[in-house]
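Based on the sequences and whatever the hints tell you, model everything.
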Amino acid sequence: SAVISQKPSRDICQRGTSLTIQCQVDSQVTMMFWYRQQPGQSLTLIATANQGSEATYESGFVIDKFPISRPNLTFSTLTVSNMSPEDSSIYLCSVEDRFYGYTFGSGTRLTVV
Amino acid sequence: LAKTTQPISMDSYEGQEVNITCSHNNIATNDYITWYQQFPSQGPRFIIQGYKTKVTNEVASLFIPADRKSSTLSLPRVSLSDTAVYYCLVGGPNTGGFKTIFGAGTRLFVKA
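Quick mapping for you: the protein sequence lines, in order, are chains H and F.
Read in order, the letters of the first sequence are residues 299 to 411 in the working numbering.
Read in order, the letters of the second sequence are residues -7 to 104 in the working numbering.
By construction, these hints were calculated from the structure, which means they are not laboratory data.
It is possible that part of the hints are untrue.
[Said to hold, decoys possible] Pairs of lysine-lysine, DSBU-like flavour, derived with a Cα cap of 35 angstroms:
#1 Lys61(F) to Lys44(F)
#2 Lys305(H) to Lys(-5)(F)
#3 Lys61(F) to Lys103(F)
#4 Lys363(H) to Lys(-5)(F)
#5 Lys103(F) to Lys(-5)(F)
#6 Lys305(H) to Lys103(F)
#7 Lys44(F) to Lys(-5)(F)
#8 Lys61(F) to Lys(-5)(F)
#9 Lys44(F) to Lys103(F)
[Said to hold, decoys possible] Listed next, with one range per pair, are the computed distances between beta-carbon atoms:
#10 Phe359(H) to Ser15(F): 21 to 29 angstroms
#11 Lys(-5)(F) to Gly338(H): 15 to 23 angstroms
#12 Pro57(F) to Val411(H): 17 to 25 angstroms
[Claimed, not checked] Covered stretches of chain H (chain F as the covering partner; in silico rule of three or more C-beta atoms under 8 angstroms from a C-beta of chain F):
#13 358 to 371
#14 399 to 405
Model, not experiment: these values are computed from the prediction.
Using N, Cα and C, we set each Cβ at its ideal position, and we do this for glycine too.
So this is what it looks like as structure tokens:
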């Protein structure tokens, strides 16, 4: 299955600042997905990122708050902008794997203080 | 997108077989059923995937009845390390625009 490297693994940030999370895949993939997992909760899809086009955001998520880049078929970034304590969550990237459904990165644990 | 319903939590003891059932009444014809396992501070990990009848791999079995409106993940002889959250997902693989929607999952707690 695809191997995903996600960083940073964790960060503590001041409110009002922004954090960019990177996701690197060891193979070329068409779609990459970004999820948020709040403490004790399930995963919520933020957006789908295709290379060469703008990301598609799910209801409740907007580009100004969560801008996404997808410069090539192996890399994507998610920025959490103008952070508040409510943004404290684990953020995960994922790719579709032909044989294993979806493969996930290990996540970025974000704490906003 | 088919919605899934699972028990919120289950308890078991080491060495027992655990069966977790997932309901997906509005599953589409081309949808597959996939189960994931998630440990704290890690991303979900693929366990097993199936379309109909029974699928078995080295870690689990997946039973899907003929109407495909439910599925059962079977974990044989669980150990303490199987304590995790298990998610049932329904959807079509490798289709343009397909996205994975997670339900609440089942928290399995294995006791000694």
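**Q.** Proposed proximity, Lys(-5)(F) with Lys61(F) (alpha carbon, max 35 angstroms)
**A.** With Cα atoms ~11 angstroms apart, Lys61(F) and Lys(-5)(F) stay inside 35 angstroms; holds.
Q. Within a Cα-Cα threshold of 35 angstroms, do Lys44(F) and Lys(-5)(F) meet the stated pairing?
A. holds (18 angstroms)
(Q) Tell me if the straight-line CA distance from Lys305(H) to Lys103(F) falls inside 35 angstroms. (A) Answer holds: Lys305(H) to Lys103(F) is near 34 angstroms, not above 35 angstroms.
Q. Do the alpha carbons of Lys61(F) and Lys44(F) lie within 35 angstroms of each other, as the hint requires?
A. holds (10 angstroms)
Q.
Just to be careful, I want the Cα atoms of Lys103(F) and Lys(-5)(F) compared with a cutoff of 35 angstroms; is the pair within it?
A. holds (30 angstroms)
Q: Would you mind confirming whether the straight-line C-alpha gap from Lys363(H) to Lys(-5)(F) stays at or under 35 angstroms?
A: holds (27 angstroms)
Q. Given a hinted range of 21 to 29 angstroms, is it respected by the beta-carbon distance of Phe359(H) and Ser15(F)?
A. Holds - the Cβ-Cβ distance for Phe359(H) and Ser15(F), about 28 angstroms, lies within 21 to 29 angstroms.
Q. Does 15 to 23 angstroms hold as the CB distance between Lys(-5)(F) and Gly338(H), or does it fail?
A. Holds, since Lys(-5)(F) and Gly338(H) (Cβ atoms, about 21 angstroms apart) stay within the stated range.
Q. The segment 358 to 371 of chain H covered by chain F? Criterion: 3 or more residues, Cβ-Cβ distance below 8 angstroms.
A. Coverage by chain F is violated here, the residue count being 0 at a Cβ distance below 8 angstroms.
(Q) For Lys44(F) and Lys103(F), compute the direct alpha-carbon distance and say whether it is at most 35 angstroms. (A) Distance of about 32 angstroms is within 35 angstroms: holds.
Q. Within 35 angstroms, alpha carbon to alpha carbon, are Lys305(H) and Lys(-5)(F)?
A. Holds - the C-alpha atoms of Lys(-5)(F) and Lys305(H) are around 31 angstroms apart, at most 35 angstroms.
Q. Given the hinted pair Lys61(F) and Lys103(F), is their alpha-carbon gap at most 35 angstroms?
A. holds (31 angstroms)
The structure does not agree with the numbered hints 12, 13 stated previously, though it agrees with the rest.
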